[in-house]
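Enquirer: The residues making up each chain are set out below.
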Amino acid sequence: MKNPVTPFDDPKARFAAGLFGMWLLLIMLGVLFVSAILGYVAVRIDNGAEFIPANAPPLPLLLLLSTALLMVSSFTMQRALVAGRAGEASQGRWMVATLGLALGFLLTQWLAWRVLVGQQIGPSDNLYAWTFFVLTALHGAHVVGGLVPLAITTAHARRLEYTPSNYRGVAYCAMYWHFLGGAWLVLYATLWIGSRH
Amino acid sequence: MTTLDTRPITPPVTDNYLTFRRGFLSWAFTLDHKRIGVMYLVAVLSSFFVGGVMALLVRTKLLFPGEVSWMSNEEYNKAFTLHGAVMVFLVIIPSVPAALGNFVLPIMLGAKDVAFPRLNLFSFYLWVLGAICAVYSLLAGGFDTGWTFYTPYSSQSEAGGIIPVLIGVFILGFSSIFTGLNFIVTIHKLRPPGMTWFRMPLFLWAVYATAIIQVLATPVLGITVALLVVERAFQIGIFDASMGGDPVLFQHFFWFYSHPAVYIMVLPGMGIISEIIAVHSHRHIFGFRFIAFSSIAIAIFSFLVWGHHMFTSGQSPLMNVLFSAITFSVAIPSAVKVFNWLATLYKGSISLNTTMFYGLSFLFLFTIGGLTGIPLAVISTDIHLHDTYFVVAHFHYVMMGSALIAMIGGLHHWWPKMTGVMFSEFWGKIACAMVFVGFNLCFFTQFMLGSQGMPRRYYLYQPEFKMYHHISTGGSYIMGLGFLITAIYLIHSLFAGKKAPANPWGGASLEWQCSSPPPHDNFATTPRVGDCYDFSAVHWDESTQGYVVDAEAHIAAAHSGKGH
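Protein chains in written order, with my numbering: chain A, 2 to 198; chain B, 479 to 1042.
Wrong hints could be hidden among the right ones.
To be verified - Simulated pairs of lysine to aspartate or glutamate, EDC-like, Cα-Cα distance not exceeding 20 Å:
1. 667/B <-> 10/A
2. 976/B <-> 493/B
3. 667/B <-> 89/A
Stated by the list, open to error - Examples of chain B residues lying across from chain A (beta carbon under 8 Å, computed):
4. 503
5. 506
6. 509
7. 596
8. 662
9. 694
10. 698
11. 712
12. 713
13. 715
14. 963
It should be emphasised that the hints constitute simulated quantities derived from the structure, not laboratory data. All of these numbers come straight from a predicted model, not from anything done at the bench. Idealized CB from N, CA, C, for every residue including glycine.
Chain A with its partners taken away, still in its complex shape:
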C-alpha cells in the first residue's frame, strides 16, 4: 500500500470509510452553500423589485459559457474516474482535460466579473451587485481550492497510478467535482431568477 497512514487493515474498508467521509464533507459544504443562497433569497424577497437597481445590467452572458465549461469538466472527470477504475491509459488525458476546463471556468468567471465592473457595477455599489460577487466568489473559492486535489490527481493519473484495486484519489476528486457542478447550477439558477424583475 502506497500510503500506510490508516487504522484500517483492509483497503476496501479504508475506501468505504473514505467515501463515507467524502459524503459527509459534501453534505457539510451543501449546508454552507444552501445557507449562503438562503441569505440571498431572504434579502431578495425582503426588497422586492427594488432590489434590482434601475441601471443594473442583466447577468453577463459569459456565465453561460462558464456553465458549459463546468458541465463538460464534470463529464471529463467522470470519464477519468471510469478510466482510473479500469486502470486504462486514458485516465491521464481525461484528468488533464478536466484541469484545463476548470481553469477555463475560473477565467470565464473572472471575465464575467470584469464585464460587470466595466459597466460600473462593483461589489460595493449595491446589494444586488454585492450578492452576485459574493456568491460567485464563494463558489469560485471552492473551485480554486479544488484545483489542488485536481492537480494532484492529474499527476497521479498521468503516471497511470489508478488501478482497479486502488482508485481512491480519482473517486474522491470526482465526487467533489460533481458537487461543485451541481452547486453552480443551483447558484446560477437562483441568481438568474433573482435578477428578473
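Starting from the structure of chain A, add chain B where the hints point.
Expert: Same frame as chain A, now just chain B:
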C-alpha cells in the same frame, strides 16, 4: 471450579504512547490520536486560563459600579467579549470532543486510531491557527461586540480586532467540523466485532450525536462570519439595514448554529457523566437505550429551537409560539437522562471520589440550569428576563456548571489513563467543593439580579444590586482558587503521583483494559467486547492495586444476556 482468567487483554508493556518516540517533532507531526488529544488538552486548558482571567477581571470591575482607574469601560466591553469568545470557541466546544474524545474514542472502540489520522492532526493545527487569529485580534485593537457578534455592532464598531477574530472563528469552525466528520466515520467504520450500536459506550453515543451537529450546523456559522467579514470590509452586505439588508437575518444565521452549538458543548459532557455515574457507582447504567436515544433526540431538537434567542427581536408571534413550544420539548430528553442517571445511582455501590464529586455536581447544576431554561422559553417571562443576568446565570449553569464541570470530571476520570499517574484525592475533593460552592455563589445570585432587572453586559448598576454583585464576585474568586488548586495537584501528580494501574476505578469499557498510559497502537489485536456497563466480571486485584476485567466471563455474560 474454574480459575478466573484475570489477565488484561493486552499484556503488560514497557513502552507507551508517551515514550514511544521522543522530541518536539515527534509530537508536532504525530498522527497518534492520543498525542493529538493531549495537545488539544494543553491548548484548551491554556485557553481556559486566559478566559478565566478575563472572567475574574470582569467580576472584579463589577465590584465597583462605574469608572475604575485600572480598566476603562471600553476595556471592560472587550474583556467580557474576549471571555465569552475564548470560552465558547476555544475552550468548551473543543474541550470534550477534541481533547478527551480524541484520546478516548478510538480506545473505547478497540481501534488503532481515528478513521483519518492526518485529518485529525490538520484539525488540531486549524485550531492553533484560529487561536493565533484570536490573539492577533487583541493586538489589532480587540473586539467589543459581545461573543455573539451581532450586527450592526460588529459591522460598525470601531474596535480594530473584529475581522481577525471572525476569521479565527471561521477557522475554528472548520477544525470542529473535521473533528466531527472524523468521529462519525470512525464510529461507523471502526467498531470492533461484537460492539453493536447498543453495546457502544454512551460517551460514544453522545460524541456521535455531537458530531452530527458539528457537521451540519457549523458550516452555517462559517458562512455567517464570512459574510460578516466581507460586509465589514466593503461596508455593505446583507445584514446592513441601510442598504436593504436585514440585521435580524444575522441573528437567525448565528443562532441556527449557536443554539445547536450549546448541545455541541453539553452533549459530550452528558456522555462523560454517563460513564462517570456508571463506573463510580459500579452499577449497570439504567435505561441505556433511553440515554442513547435521548442524545439523538437532543441533537434533532437542537436544530429546531434557535428562534427562542430572538423572542424580542421582532419575530412573528406565530414563530415565537412555535419556537417556544419546541423549546419545551427539549426538556423531555434532558430529563430522561437525569432520571436515568439518578436511577443508576440508586442502590449503587458509590465510590465518593473526586470524579464522582464532579458527576454529582453536574447533576445538581445541570438540573438548575435546565429548569431555569423554562422561564426563558416562556415568551411572556422571557420578555422580562431577556438580556438580563438571569440569562447569564442560566447559560453559565449549562455551559460551565454542566459542560465544563463534566469536562473536568472526565479529565479526572481519564487522568490515570492519559498520564499513568494518580492525582491527590484529598485535594481533588477540596478543589471540587470549592468550585461547586464558588460557582453557586457566583451564579445563583445572578438569577436574583436578573429577575430584578439587572441587564447583562452593563458596567453600571443600581445601588440595590451591590450586595448581589459582591457575593457573585466573591464566588468567582473561590471558584478561581478551586481551579488553581486543581491545576497544581494535577501538575504535581505528573511528577510525584502514584503509578496508576490499568483500571483504577473498575470500568468495564475497553479503555480500562489496556495499560495506563496506553501503548502506542492501543491494542495488539482487535479486542472482543462485552457489555461495557456490566461490572459483574470486574474484580479488585490486590497485587496491582487496581481492578481487572475477566475478559472471558465479561464477554460470556454479554452473550448470555446477563449484562442487561
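Enquirer: Which of the stated hints cannot be reconciled with the structure, identified by number in ascending sequence?
Expert: The structure breaks hints 3, 4, 5 and 14; every other hint is satisfied.
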